[in-house]
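For reference, the chains in residue letters:
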Amino acid sequence: MATAAVANEQTWWSGGKSPYNVSYGKLMMWFFLMSDAFTFGAFLISLWTTRFSLSSWPDPNKVFSSAPFIESGAPLVFVSLMTFILIMSSVTMVLAVNAGHHMDKNGAAKWLFLTIIGGLCFLGCQAWEWNHLFHEGAWWGRNPFPNRDGTVASTAFTNYFFTVTGFHGFHVFSGVVINCVILTNILKGTYDRRGHYEMVEKVGLYWHFVDLVWVFVFTCYYLL
Amino acid sequence: MSEVNTHAHDVPHEHEEGMTTKKIWRVFWWMLLITVFEVFWGMRVSHHFAAGYQWVNALVFLSMTLVKAALIVGEFMHLNYEVKNLIRTILVPLTLFIWFIVAFLADGDSWLNLRNRYAPHDREKAPTEVAKPAEAEPLK
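Quick note, the sequences are listed as chains A and B, same order.
Numbers 133 to 356, taken from my numbering, label the letters of the first sequence in order.
Numbers 52 to 191, taken from my numbering, label the letters of the second sequence in order.
Just so you know, these hints were derived from the structure itself, not from any lab.
Among the hints, a few may not be true.
Claimed, not checked - Restraint ranges, calculated between C-beta atoms of paired labels, are given here:
1) A:S146 / B:H98: 58 to 64 Å
2) A:W260 / B:L147: 34 to 40 Å
3) A:W260 / B:I138: 37 to 43 Å
All values derive from a computational prediction rather than experimental measurement.
By construction, the Cβ of each residue, glycine as well, lies at the ideal position given by its N, Cα and C atoms.
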């Protein structure tokens, strides 16, 4: 057998460096997100199991048909806006990470600040939507919306809606808080002294994951 | 195969060459385009399918969702540009979802059938007409 200087493939596991070529913190963030993916997956699969066990389900185009200043008849408009806000904040986050790679303190601070604004806008939209649905009589255990076929619907509809979007909204909220902490550190020059902006990448991973979950919630709750 | 392979694809990229500002915006426009398409389909197209063809909607929406998920994870979360070891470590465990989805949806479906058969007072109207409870064959 040839000695040490062999194909790169093997040297990954020969010790002395991370076989994943990332830092410990980033790897752990990936593992955390994987476990979180299973948590959200369990929620959504549970929702679909229940939907499969019922012969009908409320029509999202009827339930989610309002927006601020529009009483009804505007299906998907408001939730599209929310989706757009979240995608946009994901983009500003990548731009913040990108600026961090170039050790561009002002750039990273600017883009991260815009990401925080995006997160707050999303939370505001969600608060509006929850409030609106609550005033229409929807809450955990209460479902005023009929099924597509006109029969009385199960409260599973509202229970899952508030649980899943609530859990997602809580993730957005924690993301905003963490982003604020990182922004403070950027402004204080912590990462300049450290010599790298990897913390921005780590919170970036978390933030994109929140966007990823929303993509699935959007499909499961508002489209299908 | 004994030569030193200096061009193995597991070699780490110099420094994040994968993501330029231009590329970031290109991914953004794709995401936006897909979302607009989904919303258009949801508002204008999805009602026109007859009861038996709802799976077409599901197929369209789920494929669009998976494309968006791949863009987020691959480009924004940068997984496409990590070493293979990391990519596999993250993606292989996710295949558990295949079992997870199949098993639980089958369970939900069986639940619907059992209720229709054995709980007539609580009878759900199934999309396809089921046999009347009295005539139904008992389940094995």
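Status of the hints after comparison with the structure:
{"no.": "1", "hint": "A:S146 / B:H98: 58 to 64 Å", "in the structure": "60 Å, holds"}
{"no.": "2", "hint": "A:W260 / B:L147: 34 to 40 Å", "in the structure": "36 Å, holds"}
{"no.": "3", "hint": "A:W260 / B:I138: 37 to 43 Å", "in the structure": "39 Å, holds"}
Hint violations for this structure: none, all hints satisfied.
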